[in-house]
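Between the sequences and the hints, there should be enough to build the whole structure, so can you do that?
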Amino acid sequence: SQQGEEDPQALSIQEGENATMNCSYKTSINNLQWYRQNSGRGLVHLILIRSNEREKHSGRLRVTLDTSKKSSSLLITASRAADTASYFCAKGNQGGKLIFGQGTELSVKP
Amino acid sequence: DGGITQSPKYLFRKEGQNVTLSCEQNLNHDAMYWYRQDPGQGLRLIYYSQIVNDFQKGDIAEGYSVSREKKESFPLTVTSAQKNPTAFYLCASSPGGASYNLPLHFGNGTRLTVT
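Going down the list, the sequences are from chains A and B.
Per this note's numbering, the first sequence starts with residue 1, numbered consecutively.
Per this note's numbering, the second sequence starts with residue 1, numbered consecutively.
Just so you know, nobody snuck in bad clues.
Calculated pairs, DSBU-like style, for lysine-lysine (alpha carbon to alpha carbon, straight line, at most 30 Å): (1) A:K97 <-> B:K71; (2) A:K97 <-> B:K70; (3) B:K9 <-> A:K97; (4) A:K97 <-> A:K56; (5) A:K97 <-> B:K57; (6) B:K9 <-> A:K109; (7) B:K83 <-> A:K97; (8) B:K57 <-> A:K26; (9) A:K70 <-> B:K57.
If you want the ones that stay clear, here's a sample from chain B, every Cβ over 12 Å from chain A, calculated: (10) E15; (11) S67; (12) K70; (13) E72; (14) T79.
Keep in mind the hints are simulated off the structure, nothing from the lab.
Ideal Cβ placement from N, Cα and C applies to all residues, glycine included.
What follows is the structure, encoded as structure tokens:
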């Protein structure tokens, strides 16, 4: 599908550990964005990385983009129970619409 | 506080009835979007509007209709023609047109249940 894949679908870790989520895509992108969704709520934009960038940081978040492999990863360092949520990548393609992946459900246990 | 307001949070309807979901934004954004989210799935685009009085179909527009008479409002009607209307509906906006791939601001959704 045009959406590509996110993995893992679910991830359970202990507080203080790092969490890594991956996102792959199939067509060229202008940018790739990561969003967070708490249960029953809307999505919140976390970080945007452009196709000519390789890495971006925002607080405890680190996003990488490898256009040769058509993949991106989101790393959350020193996770907290409050990081428990679903995380989605969204590919900004040249057609102009964001294509969302199916998400990774992260559970951080205290 | 600027943001997007979706109402109601929960909506219940009988099969065969049309229902309209409200979305209002005070962010002065040009573009607005409607997405549908089903359990365990990503978001699928229903309709989007880049300017008042103009809107385009997304990937799953069948059974839905929208209007954009005011910049701040983008209501979605789920018609009886939509075969599986039960879902979580999310409204979003962005400052520029869809072609710019700008970050989206989301409302907190309306959960529609049709029985």
